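A.B. asks: If you want the building blocks of each chain, they are given just below.
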Amino acid sequence: MQASDRFNINSQLEHLQAKYVGTGHADLNRFEWAVNIQRDSYASYIGHYPMLAYFAVAENESIGREHYNFMQKMLLPCGLPPEREDD
Amino acid sequence: MATVDPEIARTQEERKKMEQQLASLTSVTYDVDLYGNNRLEDYVQSIPVHDEDENADAMENDVARKLASYTAPKSLLKDMPGGAEDSGDGFRRPQRIIDREDDYRRRRFNQAISPDRHDAFAMGDKTPDVNVRTYADVMREEALKREKEETLKAIAKKKKEEEEKKKEDDRETAAAAQPAQKRRNRWDQSQDQVDSGVAKKAKSSSDWDLPDSTPGIGRWDATPTPGRLGDATPSVRRNRWDETPTPGRLNDSDATPAAGGVTPGATPAGMTWDATPKMTGMATPTPKRQRSRWDETPATMGSATPMSGATPVAAYTPGVTPVGAIDMATPTPGQINLRGPLTPEQYNLMRWEKDIEERNRPLTDEELDAMFPAEGYKILDPPASYVPIRTPARKLLATPTPIGTPLYSIPEEIRGQQFDVPKEAPGGLPFMKPEDYQYFGALLNEENEEELSPEEQKERKIMKLLLKVKNGTPPQRKTALRQLTDKAREFGAGPLFNRILPLLMQPTLEDQERHLLVKVIDRVLYKLDELVRPFVHKILVVIEPLLIDEDYYARVEGREIISNLSKAAGLATMIAAMRPDIDNIDEYVRNTTARAFSVVASALGIPALLPFLKAVCQSKKSWQARHTGIKIVQQIAILIGCAVLPHLRSLVEIIEHGLNDENQKVRTITALSLAALAEASAPYGIESFDSVLKPLWKGIRSHRGKVLAAFLKAIGFIIPLMDAIYASYYTKEVMFILIREFQSPDEEMKKIVLKVVKQCVSTEGVEAEYIRIDILPEFFKNFWVRRMALDRRNYRQLVETTVEMANKVGVADIVGRIVEDLKDESEPYRRMVMETIEKVVANLGASDIDARLEELLIDGILYAFQEQTSDDANVMLNGFGAVVNTLGQRVKPYLPQICGTIKWRLNNKSAKVRQQAADLISRIAVVMKQCGEEQLMGHLGVVLYEYLGEEYPEVLGSILGALKAIVNVIGMTKMTPPIKDLLPRLTPILKNRHEKVQENCIDLVGRIADRGAEFVPAREWMRICFELLEMLKAHKKGIRRATVNTFGYIAKAIGPQDVLATLLNNLKVQERQNRVCTTVAIAIVAETCSPFTVLPALMNEYRVPELNVQNGVLKSLSFLFEYIGEMGKDYIYAVTPLLEDALMDRDLVHRQTAASAVKHMALGVAGLGCEDALVHLLNYVWPNIFETSPHVINAVMEAIEGMRVALGAAAVLNYCLQGLFHPARKVREVYWKIYNSLYIGAQDALVAAYPALDDEENNIYSRPELIMFV
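Those sequence lines, one after another, are chains H and Y.
Once you know that position 40 of the first sequence is 124 in this note's numbering, the rest is easy, because the numbers rise by one and skip nothing.
Once you know that position 204 of the second sequence is 227 in this note's numbering, the rest is easy, because the numbers rise by one and skip nothing.
Careful: at least some of the hints might be erroneous.
[Stated by the list, open to error] Straight-line distance between alpha carbons at most 25 Å, and here's what the computed SDA-like set of lysine to any residue pairs gives:
id: 1; chain 1: Y; residue 1: K401; chain 2: Y; residue 2: E380
id: 2; chain 1: H; residue 1: K157; chain 2: Y; residue 2: P453
id: 3; chain 1: H; residue 1: K103; chain 2: Y; residue 2: A1265
id: 4; chain 1: H; residue 1: K103; chain 2: Y; residue 2: D572
id: 5; chain 1: Y; residue 1: K1249; chain 2: H; residue 2: R114
id: 6; chain 1: Y; residue 1: K721; chain 2: Y; residue 2: Y793
id: 7; chain 1: Y; residue 1: K501; chain 2: Y; residue 2: K550
id: 8; chain 1: H; residue 1: K157; chain 2: Y; residue 2: R1286
id: 9; chain 1: H; residue 1: K103; chain 2: Y; residue 2: E1280
id: 10; chain 1: H; residue 1: K157; chain 2: Y; residue 2: I1263
id: 11; chain 1: H; residue 1: K157; chain 2: Y; residue 2: A1265
id: 12; chain 1: Y; residue 1: K401; chain 2: Y; residue 2: P453
id: 13; chain 1: H; residue 1: K157; chain 2: Y; residue 2: P1274
By construction, these hints were calculated from the structure, which means they are not laboratory data.
Computed from a prediction, not measured in an experiment: that's the story for all the values here.
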């Protein structure tokens, strides 16, 4: 950790990661970042009702169904994690 | 026979008297040994009668009152060094705990660190080893001790009786006119008649008392001494009796005495081993015990201890002062080594002696030459008879060789000779103080560590770590603490606590050291968890004294440790450890145990402890147990406050029978506990107290003295909980007792009565009429007397109570009764009257006061004000101000008289009087304006103006304050003297360095600059500007702030150019503080006069090729954009080139300051359409993200945050993406850091801006929803 980090929020990186799940670090791989992106996106769609309505119209589903689908997709949004090469 | 009868009656009477005296010593009514000479001490220690007392910060109160005329942040005032206390060498000396302890607290040294106890949980069903102390053993020992105490008391009593009888006999013989000679014979005879055993026992009793008076660590044999490392290992516990001094050991104990160690020769009375015979049923000690154990041969010693399992607890050793070689008059340097540890006192004494000798040594010829003039003096030959001392030994005595010359000279290095330099600790260990040798001395023996057994190595390791924690530098301490914590389980509870706890009993311990050691215990406890069980009592003995420490933080620490301890050890172990102490004979032990139990209750929950408490409070065996049990309830109430409410009923039920206890102390503590419970639960929970109302109210009729006081206190706290009707009824019930006790001469009773009256009076149900008729006459008759004003606490309580009454019965009744007393001849009494009147009128206003009373009041106040001789607390001043302000316009007829007084006093010889008069003007200025006395004020203004030559700064400050008050109310135009005369007079005063003067002066000048700048020529303002620059250096923030604001006003008044020129020049000065303030001032000028008047000159100044100036300009820009906010949008394009340059500068500070300017700019113009300039600036900011200097990187990160707000998260994310997966880890780290703060700041906004990722074989990364289109 750098000397400068003592003064800002990154000083408690672990704490930060625990509090904000979507935050990243230097060892994050493509898959993990993508999972965060996907989950953030679904959360955002669900959170903004007009977006949800828009998707409902586009997919010809009820808003409730869309809501449910997005919630479901937040589990494993990108499928199973790829095999680790190094381990 | 008839003639004998009256005689007998007389003697009987006398005897009774004597017995009463004796009873005061031995019986339970009042125990001097336990309670000290002042029996009320006990009261205050348990619950203060005045709650404020404990919490009030004396410093804060005093200062607040004294400095009422000007204010400062309290924290600053608190920080003021307490001049007298400072030792003068610039830093506070470490404080030894023992130095500030009173005798009662020092009794902690009487406690012994008891041996480990049996852990029933760990052992399971196994029968404990005979050598292990079980709960039963401890209880038995306690019982023995009690029995011993009782016996001793009985013996003392019996002896007294014998003496009585003897005297009686004497008198009889005297009556029979026996010859004197014969009577002496009788004396002798009777002496012989007295059971010789009794005499000896009496002597032994005094021996037992002895250890009580002298502090010292109890168990000499439990204290690990350096020389006896091996012995101290737990395995040897079984053999403790072998540790009794053998001839060989005598040397040893001489060499390494423990604190309070037993020196040979001191009578080791009261050793527990000599209590053993008792256990076998012998109630009285055998004569053999009188012999000192030191006289006995080791062989007898061994056989004299037929004890099997029970090892003794708490061996009282006569705690002699920690011995060094105190009787050696002149310590030799070599003496300070392991074998003769010095106490710090001796150490200092030695240093001091050497110092004195050095100063007093004879002067040399050279020195004399240097001192005397060359002419006029003649060197005489020594007389013929003079022979210089030749014998070296005598010479040594006669003329102590100086160790150094008075001036500095390079000392000659003498190798191999150790002066009083303590032997250096090997292996990077920290410095050891002389008193540490007995604990850590072993570390100095440079033994080969490999040769030691693993156990010994472990001990050594622990010692090293502890020494580092205790005396080491902060980094050493930190690592040592961490190691101790990490390896706690590996070291084991026994070795750890055997090392730590004796250290905490060290008599010379300092606050800081204790704090550190307590911290060690805390950490270790956490790790050891259930392993601590056998050591619970040991730890408690050391930690409990913290609970009654006068230092708040020590108390908190103590509570924390005990709370953690109880969580680690569990309730059962805690109770088992503490139960024996509950009826300990020593009140100190019971007191601390009660407090510790309350902590346990708060840690483990009250319900868990309730059954135990119930049993203890009903103990039939001893009143002490009941007393302590009830005290635990009291302490619980005090500790956890309103959290007692759920358990209130059960707690009250547990203690209620104590009100009718046969023992008076138990009754008292019960009442006090009820008071504490009621106080804690207020305003709820009256229904829980239903059952005690009757005994309480009945009790006040039957009790007297201390018990009555306690009962009244309980009632005082219960009444406010009641409904109005009941409160009224019960108040009436108690009131006649209270009124009776109004006359009590007892101070404590008075205070309690006053407090109870206050509580009763303030409850809803008590009618004003009732108070007026039934209470007031008696109250004023008994309490409003001069004597009450003399004691501070009485004074305060009386004022509070009277104010409370006034709240019920109104101003007129109270003020009418005491207003005459404003002319009383006693000044403290007048002050008390004044304070009461002040509070009453401030609370209730003056509408009740009729014309007659008003006249009396003003008259009295003027009299009291004029007659005062000292008013440190400003009571008179405040009172005067409050009355005048509440009377408002009604005061108009008296104003000329008041002003006359003020004017007269302004001319007084005493500075205090002048200051007070000036302060009074600032208090009443507003009222004078209301009364339309502008002319009078103008007159006062002129008078004050004339006094501006005042030389006392305090007075001058007050005069300036008064002028300010007048200017504020009558305005600039009507002010006399006219502003144009006043201000030039103030300019030189600005030079004054006194804070009060500075503050008042700058306020006044600022006010004039704000409201009446046009009355003064610009030249004068410029002159003031120069003075103000100096004031930017003031220590007080308030003054600096006022100065900066004044710059703004002046710039507004005379135009910014000249002021700005002055300020910009000031950027060149060296002093950082000054430059910072200047930059702030520039920014303020820019804000008040619009930025365009300032920016050109400011930017022009950036061209000066000087670091300080450029940085100053940048900083001004930063402040400027912070202040002007969205006004910045008009100037952003103008300053961009300058910032470009700054952000590319080689100097770090340039970039840092420029980045913070960019931040403020971005935040100011967010959403105002300046994105183009901002993106441009971001391009310059971005390359700085790899800076490592903390301030720079912080500024850069904040600038980027600012950009996120102004440009949107998406724009910044695009900057970020390039580095998130950079091959270099260092780069990735920085970019992820930025990403994270972006994410935390604007997570939702990022969703739309994330890059589109392509799917891989098994994983879907794309977000098809975002490309949907209707």
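A.B. asks: All hints are to be evaluated individually against the structure, with a verdict given for each.
C.D. replies: Status of each hint after checking the structure:
Proposed proximity of K401/Y and E380/Y is contradicted: the alpha carbons are some 28 Å apart, above 25 Å. Of the supplied pair hints, the one linking K157/H and P453/Y is violated, its CA atoms being roughly 62 Å apart against a limit of 25 Å. With a CA separation close to 15 Å, the supplied pair K103/H and A1265/Y stays within the 25 Å bound. For the given pair, K103/H sits about 41 Å from D572/Y by alpha-carbon distance, which is inconsistent with the 25 Å threshold.
The hinted pair formed by K1249/Y and R114/H meets the criterion: a straight-line CA distance of about 18 Å does not exceed 25 Å. With a C-alpha separation of about 22 Å, the suggested pair K721/Y and Y793/Y falls inside the 25 Å cut-off, and the hint holds. Note on K501/Y and K550/Y: the hinted pairing holds, with a Cα-Cα distance of about 17 Å set against a maximum of 25 Å. The hinted pair formed by K157/H and R1286/Y meets the criterion: a straight-line CA distance of about 11 Å does not exceed 25 Å.
This hinted pair does not check out: K103/H and E1280/Y have alpha carbons roughly 32 Å apart, beyond 25 Å. With a C-alpha separation of about 23 Å, the suggested pair K157/H and I1263/Y falls inside the 25 Å cut-off, and the hint holds. Only pairs whose Cα atoms come within 25 Å are accepted, and K157/H paired with A1265/Y is accepted, the gap being roughly 23 Å. This hinted pair does not check out: K401/Y and P453/Y have alpha carbons roughly 56 Å apart, beyond 25 Å.
Between K157/H and P1274/Y, the direct Cα distance comes to roughly 19 Å. Compliance with the 25 Å bound is thereby established for this hinted pair.
Of the numbered hints listed earlier, those contradicted by the structure are 1, 2, 4, 9, 12.
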